[in-house]
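Chains A and B supply the protein sequences, listed in that same order. In this text, residue positions in the first sequence follow the working numbering: the first is 1, and each later residue adds one. In this text, residue positions in the second sequence follow the working numbering: the first is 1, and each later residue adds one.
If you are wondering where the hints come from, they were derived from the structure by calculation, not from laboratory data. You may find that some hints are simply not true.
Said to hold, decoys possible - DSS-like, lysine-lysine: derived pairs with alpha carbons at most 27 Å apart:
hint, chain 1, residue 1, chain 2, residue 2
1, A, Lys184, B, Lys326
2, B, Lys326, A, Lys186
3, A, Lys78, B, Lys290
4, A, Lys78, B, Lys151
5, A, Lys184, A, Lys19
6, A, Lys206, A, Lys271
As the list claims (entries may be wrong) - Now the stretches of chain B that chain A is said to cover, found in silico as 3 or more residues with beta-carbon under 8 Å:
hint, stretch
7, 94-102
8, 120-127
9, 144-152
10, 166-180
11, 183-189
12, 221-232
13, 310-321
We put the beta carbon where it would ideally sit given N, CA and C, even for glycine.
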Amino acid sequence: MTQSLSLGPVLFHWDAETKRDFYYRIADESPFDTVYVGEVVCSKRVPFFTPYMQEVLERLQRGEKQVIFSTLALIMSKPEMEQIIELSENTNLLIEANDIGTAALLSGQPHVIGPFVNVYNEGTLEYLANKGAVRISLPWELPSESLTALAKSATAELEVQVFGRIPLAISARCYHARAHGLHKSKCQFVCADDLNGMNVDTLDGKSFLAVNGCQTLSHTICNLLSELDGLQRLGINTFRIWPQAIDMVAVGQTFREVLDGAITVMEGREKLAEHAYFAPFSNGFFHAEEGAAYVA
Amino acid sequence: MTAALELVCPAGNPASLRAAVDAGAAVVSAGFADDTNARNFPGLNFTRPQMREGIAYTHERGCGVFIAINTYARAGNPDPWRLAIDDAAALDADAIIIADIGLLEYAQRTHPQLRRHLSVHASASNAEAIRFYHQAFGVKRVVLPRVLTIKEIADLNAQIPVETEVFAFGGMYVMAEGRCSLSSYATGQSPNTDGVCSPASHVCYEKRDGKLISRLGDFTLNIFSDDEAAGYPTLCKGRFVTQDAPSYLFEEPASLNALGLLPDLTAAGVSALKIEGRQRGRAYVSKVVKTFRDAVDAAGRGETVRAGELDAMSEGGRDTTGAYEKIWH
Numbered sequence: 001m002t003q004s005l006s007l008g009p010v011l012f013h014w015d016a017e018t019k020r021d022f023y024y025r026i027a028d029e030s031p032f033d034t035v036y037v038g039e040v041v042c043s044k045r046v047p048f049f050t051p052y053m054q055e056v057l058e059r060l061q062r063g064e065k066q067v068i069f070s071t072l073a074l075i076m077s078k079p080e081m082e083q084i085i086e087l088s089e090n091t092n093l094l095i096e097a098n099d100i101g102t103a104a105l106l107s108g109q110p111h112v113i114g115p116f117v118n119v120y121n122e123g124t125l126e127y128l129a130n131k132g133a134v135r136i137s138l139p140w141e142l143p144s145e146s147l148t149a150l151a152k153s154a155t156a157e158l159e160v161q162v163f164g165r166i167p168l169a170i171s172a173r174c175y176h177a178r179a180h181g182l183h184k185s186k187c188q189f190v191c192a193d194d195l196n197g198m199n200v201d202t203l204d205g206k207s208f209l210a211v212n213g214c215q216t217l218s219h220t221i222c223n224l225l226s227e228l229d230g231l232q233r234l235g236i237n238t239f240r241i242w243p244q245a246i247d248m249v250a251v252g253q254t255f256r257e258v259l260d261g262a263i264t265v266m267e268g269r270e271k272l273a274e275h276a277y278f279a280p281f282s283n284g285f286f287h288a289e290e291g292a293a294y295v296a
Numbered sequence: 001m002t003a004a005l006e007l008v009c010p011a012g013n014p015a016s017l018r019a020a021v022d023a024g025a026a027v028v029s030a031g032f033a034d035d036t037n038a039r040n041f042p043g044l045n046f047t048r049p050q051m052r053e054g055i056a057y058t059h060e061r062g063c064g065v066f067i068a069i070n071t072y073a074r075a076g077n078p079d080p081w082r083l084a085i086d087d088a089a090a091l092d093a094d095a096i097i098i099a100d101i102g103l104l105e106y107a108q109r110t111h112p113q114l115r116r117h118l119s120v121h122a123s124a125s126n127a128e129a130i131r132f133y134h135q136a137f138g139v140k141r142v143v144l145p146r147v148l149t150i151k152e153i154a155d156l157n158a159q160i161p162v163e164t165e166v167f168a169f170g171g172m173y174v175m176a177e178g179r180c181s182l183s184s185y186a187t188g189q190s191p192n193t194d195g196v197c198s199p200a201s202h203v204c205y206e207k208r209d210g211k212l213i214s215r216l217g218d219f220t221l222n223i224f225s226d227d228e229a230a231g232y233p234t235l236c237k238g239r240f241v242t243q244d245a246p247s248y249l250f251e252e253p254a255s256l257n258a259l260g261l262l263p264d265l266t267a268a269g270v271s272a273l274k275i276e277g278r279q280r281g282r283a284y285v286s287k288v289v290k291t292f293r294d295a296v297d298a299a300g301r302g303e304t305v306r307a308g309e310l311d312a313m314s315e316g317g318r319d320t321t322g323a324y325e326k327i328w329h
């Protein structure tokens, strides 16, 4: 089976024109097979990108990318759900559900289950596939033992996150606003200041986490380049790369080259390290260790 | 006349169970002593014989027991979770509290008569999600995540055909429940599958230069000077540095306390109040349950309730109404 590279949705609040240009370049130059668009973290950010969405979709499709609409991870109000209902009624594109309410809405039609939905076992996997999930992007904290068991029983395509800061938690509270002494309702969109998230360090100066509005990510960058072979042996062939504010075309190319055997894992890792300059790599979750660890 | 709020109280061991019932709990929530429940701490929870005795004790006094089987079953080995569900049915539990879709499906298929509640760890925060769990698995009650304002809870209750239970006192989660792997990131133990957050096995304290440092795994969560009371290093209650300034970025060490909000929660259509704290001792359970029993009864008579009653039981001596009030966000 051919391997498929996905570019996950942009989790950060990048300036709308920057994000548009980012997607143009992804459309024109990158080796990604699938590109996810749409807001996952905060519904207040949605209007900024709306004027550019149609152009971006067209450009990505011209670039022969499969486009999937991703949706909010935490839905707490009627207007937020109405946004998603409206989307589902007006698009022919696949939608990725990141909340079980969205999954219920899409039940009976082909859709994608995102990594913010808790799929930990075969029973859940089977239930969701029977309801129309054609692709299930698995939670980041699953160890290889769980991935092995799930891959054995899966009828839907399974996707695993292989690169990027790990989106560890979502909250109703905005920590970006809180860190700036602001209330969420008057946040001034301070989350736009930190393109890869706001650094959260321990009191003794160790880098720990990264805040992105209501979301908390890892400081480290998940990197499963060394595990790609193993994943493929399990029958998992779809790999998600989360966008960071670095050269994502180059990151995609590096993964492609390793998958194609054009360069070694070691060479690929060195290339990735050049681009991902702001944090070390981690792969602990895959190896059933603490997520922050890197198991050589 | 609306029905009085049902008091659902925690019990981490048989002594706490009896204390909760004697202090006025309507229902006790308890778990088996393994990773099938989200308070999987050493020395806590119930063996099967203890659960049988506990259920007998509550039933004799007109109370109930809900068994929390609210972690996510591990791929490749669902047996411990399924056995917990089978045993809950055999022991005549009044309900099971479940988060996992795979387990809900199993419970409905295997024990359709056993009442199913949705755990807070399923993080069902909108009407579509709640209706889904009701329609697909016959869930009768949903424990709401601690992310909603009272107004949002009222809006939700107007749209759904099931009872809601909300947290009234105890641990203040700041992340959407069941959707947080901060602790697994630092320790490798997953709240969702191992049932532990910030486990004691990964905590250490160190004295240095007159200061007390608390750590979880490889990460310092706080540094206390002599005049500060040192709290337990729960990850989201740690002190961290952002923008060059140290702060309790996620949440100050404080307990959720909705004692002063009972009339509002009743008006919002809530059916039951949950007191958190299966990891707490008998004295704590007794005091908190008694206070809430009196408060619920007083609220039922239309009397006002003083919110300060439980200050001594709160984490760091401080409490918060959390997400119930908009200002928290």
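So, going through the hints one by one against the coordinates:
no.	hint	verdict
1	Lys184/A / Lys326/B	holds (9 Å)
2	Lys326/B / Lys186/A	holds (12 Å)
3	Lys78/A / Lys290/B	violated (37 Å)
4	Lys78/A / Lys151/B	holds (12 Å)
5	Lys184/A / Lys19/A	holds (23 Å)
6	Lys206/A / Lys271/A	holds (25 Å)
7	94-102	holds (count 4)
8	120-127	holds (count 6)
9	144-152	holds (count 3)
10	166-180	holds (count 6)
11	183-189	holds (count 5)
12	221-232	holds (count 3)
13	310-321	violated (count 0)
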